[in-house]
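Guided by the hints, dock chains B and C onto chain A, whose structure is given.
Chain residues, written in single-letter form:
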Amino acid sequence: MGSIITLTTDFGLKDSYVGAMKGAILEINPEVKIVDISHAVTPQNVREGAYVLGSAYRYFPKGTIHLAVVDPGVGTGRRALSIRGLDHYFIGPDNGVFSYVFTDAPEETGPGAPRQPINVGEGDLQRLPRGFEAVTLTRSLYWRPQVSDTFHGRDIFAPVAAHLSLGVPLEEFGEPVSSVVAFPRPTPVRGVDGSIEGEIIHIDGYGNLITSIKASDLPDHRVETEIGGNRVKGICRSYEEGEGLLSIVGSAGYLEICEKNGSAAARTGAEIGNPVIVRPLSSLT
Amino acid sequence: MGSIITLTTDFGLKDSYVGAMKGAILEINPEVKIVDISHAVTPQNVREGAYVLGSAYRYFPKGTIHLAVVDPGVGTGRRALSIRGLDHYFIGPDNGVFSYVFTDAPEETGPGAPRQPINVGEGDLQRLPRGFEAVTLTRSLYWRPQVSDTFHGRDIFAPVAAHLSLGVPLEEFGEPVSSVVAFPRPTPVRGVDGSIEGEIIHIDGYGNLITSIKASDLPDHRVETEIGGNRVKGICRSYEEGEGLLSIVGSAGYLEICEKNGSAAARTGAEIGNPVIVRPLSSLT
Amino acid sequence: MGSIITLTTDFGLKDSYVGAMKGAILEINPEVKIVDISHAVTPQNVREGAYVLGSAYRYFPKGTIHLAVVDPGVGTGRRALSIRGLDHYFIGPDNGVFSYVFTDAPEETGPGAPRQPINVGEGDLQRLPRGFEAVTLTRSLYWRPQVSDTFHGRDIFAPVAAHLSLGVPLEEFGEPVSSVVAFPRPTPVRGVDGSIEGEIIHIDGYGNLITSIKASDLPDHRVETEIGGNRVKGICRSYEEGEGLLSIVGSAGYLEICEKNGSAAARTGAEIGNPVIVRPLSSLT
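Chains as they are written, first to last, in numbering that gives the first Met the number 0: chain A, 0 to 284; chain B, 0 to 284; chain C, 0 to 284.
By construction, these hints were calculated from the structure, which means they are not laboratory data. Quick caveat: nothing in here was measured; it's all calculated off a predicted structure. Take the hints with a grain of salt, since some may be wrong.
Any copy, or any two copies together, can satisfy a pair, since identical chains are not distinguished.
As the list claims (entries may be wrong) - Derived DSSO-like pairs (lysine-lysine); straight-line CA-CA distance at most 30 Å:
#: 1; residue 1: K32; residue 2: K213
#: 2; residue 1: K32; residue 2: K232
#: 3; residue 1: K13; residue 2: K32
#: 4; residue 1: K32; residue 2: K259
#: 5; residue 1: K61; residue 2: K259
#: 6; residue 1: K61; residue 2: K213
#: 7; residue 1: K259; residue 2: K213
So here's chain A without its partners, still in its complex pose:
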């Protein structure tokens, strides 16, 4: 249930798409609080939308409903989902946009539990993580009377979110599913020399390069980070330490490469997917 609905989309802020979606929600539940996470996800970039949602949802109160509509496959056979897990609700297309949410699921350690999530390639089907429930949105009773081919955000996802916020049980919206589309989480690789190789998973609006390497992957702060021919010594605790490029553990818990009062993306020319290597400083003498 919950009385907050968040929105993460690639609709941009120039057009009325976000407004129409909010109207469609408020027509059903005029009391619900709607909060924007972002509408400036790069158009059709499902992975970026997944990162943005994954780095924000957990700060909201339990029971919050998160609507994520980065949906290049709208109008095709791709499924529409409503999901419950980690004390939050999620609504959107079944195209990988919830991948980072799924990686927050507690690891399964029971007998026979797989040690790795079941996913093979890019955006393949995987088993719904433990503790999650999901249904496909098939009950048109909860949609707008007329559904356009191109705007399920307004015509299906928004009204379903509004009905969910009014207390309609998840199970009412359609049939349960046991597998969902997810991108494999980029997992850093550890070398025999103690180095860790990860990759850039996101570039934020400041030009900070967010890597797949988590704080818990790092032995300590006596390391050197290499990105595209640049080498950065140590790990800072603020953007004002050092000069030029610096490494820092960012607010989402990942190692980031930043530039003091500037853009590390502009300085390095780095792009999402580029490799990042962290080496212990002691191994460099």
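Leaving out everything else, chains B and C in the frame of chain A:
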């Protein structure tokens, strides 16, 4: 009345203009829910603002108050209006920003009713459509105590909207008017060969080209669409059908030209006002 | 206290930073109304953030809590503040972001009161203005359990704002301070010939050049304004008077240089800090 106020402006998101306007509303009615439709209308582009408002307002609950401030004539003699019609309220300058709302008025079919809206040129005065009521905002009692020459959004429109949301009757804000400024709606022209010629009325943030041709204007889906030397066969039901440019009936009910995973605007170089021709495929042999 | 929290940041709208901060607020007070002033302050530009906040806060109801997070020094020793003054609350880093708020403090006229604010250079410490109270945020009881090095907006400022909105007294958050960082307000200089020299303090999204010269500094409207070699006669009352560049008293009470249906910034190439001179027209003959 209503407890929701929507905002459509060209104020941008960099400055504090939107914030000041929201403050001015909340100072009078701290309980009202304020919803952004868009603040990224191209500066001074009244037609674009009219399209954005016109494609969003109907999704909000009945009684919603829509504030539209694209107002290059602020401080001149242009009138300020508060309007009731189609179960919604509209507040803003009398400069054509409500044109698309007026075209949603039911057509008048009674004896002597004109078949065409009374408008001659660009943004001329037309008779207030049937079922609408409007007043000019002249009662300064409902304004901020000090009114700047350049920001009636904050000093006149916002407080009037707030008072309206508190239940002050429309008639209280000023004298009734019977005519309003409106742009003529671009009407597609049908050729003797069954072709339909319309024009581009909006380009959205994805680069989709929205035309003046409505789904109901089309005979069926066996057509070819021509835009700036490009020819597109058929009409798709999703952005993932076909390759390159495609035609689709968009979420506002208009024929759109799109590019799969790209921008049709960038591909074609098309601009608002450019002609679009739809021909039956059978006539092409 | 107050049931409205406004946000002014340089976080941009692409990422989830704003969303995470709103979540952190709503987790503590799900009922509070959150209103964006701007998230598009130029990254790390504390002066611009100060101007944006300073030109919006006063339009909100008394008791509103204004959160301002333009915070390049996050993670260093810079202090974090919660401030009460002018019937509003302010929360953010002690780096000058509240400078324009402080200049709204009533001037001290008692015996021995200084005629000028006590500040020497750029962003120096000055005495907390009369009528203001401030504390440093040191009581971690009111923070998120885990505080990142780089995102005090989410981990310290947001929860403190939420607790303040729930009625926790200002004094609870930390120790009182009697001085704060503030930029000196750019004060126009009056020449012996009656001219006034000010500077550009802000360029808005329309390209309007906002100067440090207030309406009350002007003798009357028979003046000529010089900006970067351009001379503008008189002062208009609307953007539609005259052609090309024009002078107008803007909505924040400052003299602005604008271009009819265009951008004065693009036309003149002017930048923040550039001098602007206003001369009485009678002295020009």
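Taking the hints in turn, this is what the structure says about them:
no.	hint	in the structure
1	K32 to K213	neither (33 Å within a copy, 34 Å between copies)
2	K32 to K232	neither (45 Å within a copy, 44 Å between copies)
3	K13 to K32	both (22 Å within a copy, 21 Å between copies)
4	K32 to K259	neither (37 Å within a copy, 34 Å between copies)
5	K61 to K259	neither (36 Å within a copy, 38 Å between copies)
6	K61 to K213	within (25 Å within a copy, 44 Å between copies)
7	K259 to K213	within (21 Å within a copy, 36 Å between copies)
Hints 1, 2, 4 and 5 from the earlier list are contradicted by this structure; the remaining hints agree with it.
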